[in-house]
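Q: Construct the entire structure; sequences and hints are all you get.
In order, the protein sequences belong to chains A and B. According to this note's numbering, the first sequence holds residues 60 to 338 in order. According to this note's numbering, the second sequence holds residues 4 to 308 in order.
Please keep in mind that the hints were generated in silico from the structure rather than gathered at the bench. Treat the hints with caution; some may be incorrect.
Said to hold, decoys possible - Listed next, the stretches of chain A that the computed footprint assigns to chain B, with coverage defined by at least 3 CB atoms under 8 angstroms from CB atoms of chain B:
{"hint": "1", "segment": "73 to 86"}
{"hint": "2", "segment": "186 to 197"}
{"hint": "3", "segment": "266 to 273"}
{"hint": "4", "segment": "284 to 295"}
What the hints assert, rightly or not - Between beta-carbon pairs, the in silico distance windows are:
{"hint": "5", "chain 1": "A", "residue 1": "95", "chain 2": "B", "residue 2": "66", "range": "33 to 43 angstroms"}
{"hint": "6", "chain 1": "A", "residue 1": "133", "chain 2": "B", "residue 2": "252", "range": "47 to 57 angstroms"}
{"hint": "7", "chain 1": "A", "residue 1": "215", "chain 2": "B", "residue 2": "101", "range": "53 to 63 angstroms"}
{"hint": "8", "chain 1": "B", "residue 1": "66", "chain 2": "A", "residue 2": "330", "range": "44 to 54 angstroms"}
{"hint": "9", "chain 1": "B", "residue 1": "57", "chain 2": "A", "residue 2": "250", "range": "50 to 60 angstroms"}
{"hint": "10", "chain 1": "B", "residue 1": "129", "chain 2": "A", "residue 2": "89", "range": "44 to 54 angstroms"}
{"hint": "11", "chain 1": "B", "residue 1": "75", "chain 2": "A", "residue 2": "97", "range": "41 to 51 angstroms"}
{"hint": "12", "chain 1": "A", "residue 1": "217", "chain 2": "B", "residue 2": "171", "range": "21 to 31 angstroms"}
{"hint": "13", "chain 1": "B", "residue 1": "128", "chain 2": "A", "residue 2": "123", "range": "51 to 61 angstroms"}
{"hint": "14", "chain 1": "A", "residue 1": "319", "chain 2": "B", "residue 2": "164", "range": "18 to 28 angstroms"}
{"hint": "15", "chain 1": "B", "residue 1": "289", "chain 2": "A", "residue 2": "219", "range": "35 to 45 angstroms"}
The beta carbon of each residue, even a glycine, is placed where N, CA and C say it ideally should be.
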Amino acid sequence: LSQDEIDDDVWDEIEEILLSADLGADSTFELVDTLRERVKVEGSKDPARVKAILREELIELVDPEFDRSLAVDVSGRPAVVMVVGVNGVGKTTTVGKLARVMVAKDKDVLLGAADTFRAAAAEQLTTWGSRVGVPTVFSDVEGADPASVAFEAVDKATELEADVVMVDTAGRLQNKANLMDELGKVKRVIEKKSQVDEVLLVLDATTGQNGLSQAKIFSEVVDVSGIVLTKLDGTARGGIVVAIQKQLGVPVKLIGLGEGPDDLAPFDTESFVDALLEE
Amino acid sequence: MFNSLSDRLTATFKNLRGKGKLTEADIDGTAREIRRALLDADVAVPVVREFIARIKARALGSEVAQALNPGQQVVKIVNEELVGILGGQTRQLEFAKQPPTIIMLAGLQGAGKTTLAGKLALHLKNQGHAPVLVACDLQRPNAVKQLQVGGQRAGVPVYAPHPGVSSETEAATGDPVAVAREGLTHAQDKLHDVVIIDTAGRLGVDEELMRQAADIKAAVNAHETLFVIDAMIGQDAVKTAQAFNEGVNFTGVVLTKLDGDARGGAALSVASVTGKPVMYASTGEGLKDFEVFHPDRMARRILDM
Ligand SMILES: Nc1nc2c(ncn2[C@@H]2O[C@H](COP(=O)(O)OP(=O)(O)OP(=O)(O)O)[C@@H](O)[C@H]2O)c(=O)[nH]1
Ligand SMILES: Nc1nc2c(ncn2[C@@H]2O[C@H](COP(=O)(O)OP(=O)(O)OP(=O)(O)O)[C@@H](O)[C@H]2O)c(=O)[nH]1
Ligand SMILES: [K+]
Ligand SMILES: [Mg+2]
Ligand SMILES: [Mg+2]
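A: This is the structure in structure tokens:
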């Protein structure tokens, strides 16, 4: 006996899958409405077909056509990458992993430890530098001015004719105005020396709806050009990036898949969506 | 989306004012608003479902029907239920009859364990205890150094026989279980009455590392195992809390980064699925940014009231 229409249970299940992936109520309800409309127009009665349409819609929403390349191929000067985000998301680790990727592409890389605040942050970055075989510029002075260290790193990279300089910054919560001002200053001071080519916002995949506010405020302050979604090796799906990409137009460029030097990968829309929908 | 729940409930209740008795349809609208607020606050879907069912049942009962203002009565019920799940009365650390009291910290990567270790050390020292910190994260680059700095700032010694991963020792070596065991012996020798063990961050799905955490706990027979969780976490809170609960059977929860603007629905999720109390809140990067957890404040925060 075929059903006349899609059961409410199916809609509930879809809603639950999306909510559980941290898509958020807004995006979820919107998506389910779109889906209901399409299903009505198509007149489909098969739950499997509904899920196939959902996958299609999600892929379109996440957008495979987005330019997710890193702007690090500049000539005549080092490309400058700044890495920013709230506390503990994986910024320093991402700098290390990304340096590894660049080194593998035969680029000369330099790291700048502009987290002068957190205990052992500069040491942590330096360890990553030696792991992947690149030098790190840091200050011996506890609580040194992060903008100065960042400037010095870019200056040094220019002097050494490096291809890329990556500046790690201290974690800060986006509601802390003074710390956000400080971050803005780090960028402005670097810009006295060079253009900043990439500002990567690191976002922890376990983050819930607060991720949107992180992306908004960091974008306001330092004009984020790409997102790195870390800790996708756990059970979290990172669905908040769907709303972030849509509302702010900032693409996810890279994903973090572990704590090792090779655990960084390009973002792939279809795999992301499939993981999001996995039961 | 940015309307607070109280705004939205006020709007919903405007239509109900003076009705005296609420119908099931009235309650449905209210329940939808509450559900939405909880989801926006990152409360886990299954927890929301259960919660709403309980609210509905109570809202249809006589306490609401007989209330002068049914709307306010519903708000009161929601608040009561939230505080109930969050623990009502908060629990403090329990000290062992035979010192030293052993406190182990566990949680996901980056949650705030090492920072908390320093805070707890200072807090206990200020209460007249003689704590020692034990560096069992031999994996994250320079975690040992980070803990040493925290200990130094708190004026509390750190037992760190192994340097862990650093620029001289780039690969993970050393046995965290052995360090924990030796740390306990060291504490007994030096007459420390509290031992705080910092461990590496680990994922709920990482069976090997979860077993390691359980081994550390068993090796020292920890009295308190605190599950440290970031207030910004979303729906993953349930799976993670369950995994750590099964893995190390934690005795309490510490919610970190509450100085941010996340609503912190995870507090409700974790308390609800594990039944374990949230004991402390971490509210900044400084050593003193640490306080006893207040369920009533948290309830208001989650509901944005
Ligand atoms: N499982 C997993 N862990 C990760 C990933 N990226 C980083 N981590 C871990 O997350 C923790 C925090 O990483 P950091 O790189 O120190 O984060 P951060 O953003 O620099 O932190 P702060 O500078 O303190 O704000 C460390 O234990 C890392 O090993 C990832 O993709 N997967
Ligand atoms: N704003 C704020 N930051 C915090 C809080 N607790 C910890 N942090 C920061 O969060 C980041 C991670 O803290 P850690 O203590 O290194 O976290 P962890 O759990 O030990 O991390 P791993 O050992 O890598 O798993 C650091 O930048 C801390 O300064 C808090 O309550 N508020
Ligand atoms: K985190
Ligand atoms: Mg860092
Ligand atoms: Mg740590």
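Q: If a hint holds in the structure, say so; if it does not, say that too.
A: Hints and how they fare:
| no. | hint | result |
| --- | --- | --- |
| 1 | 73 to 86 | holds (count 8) |
| 2 | 186 to 197 | holds (count 5) |
| 3 | 266 to 273 | holds (count 6) |
| 4 | 284 to 295 | holds (count 5) |
| 5 | A:95 / B:66: 33 to 43 angstroms | holds (37 angstroms) |
| 6 | A:133 / B:252: 47 to 57 angstroms | holds (53 angstroms) |
| 7 | A:215 / B:101: 53 to 63 angstroms | holds (56 angstroms) |
| 8 | B:66 / A:330: 44 to 54 angstroms | holds (51 angstroms) |
| 9 | B:57 / A:250: 50 to 60 angstroms | holds (55 angstroms) |
| 10 | B:129 / A:89: 44 to 54 angstroms | holds (51 angstroms) |
| 11 | B:75 / A:97: 41 to 51 angstroms | holds (42 angstroms) |
| 12 | A:217 / B:171: 21 to 31 angstroms | holds (30 angstroms) |
| 13 | B:128 / A:123: 51 to 61 angstroms | holds (55 angstroms) |
| 14 | A:319 / B:164: 18 to 28 angstroms | holds (25 angstroms) |
| 15 | B:289 / A:219: 35 to 45 angstroms | holds (37 angstroms) |
Checked against the numbered hints above, the structure breaks none of them.
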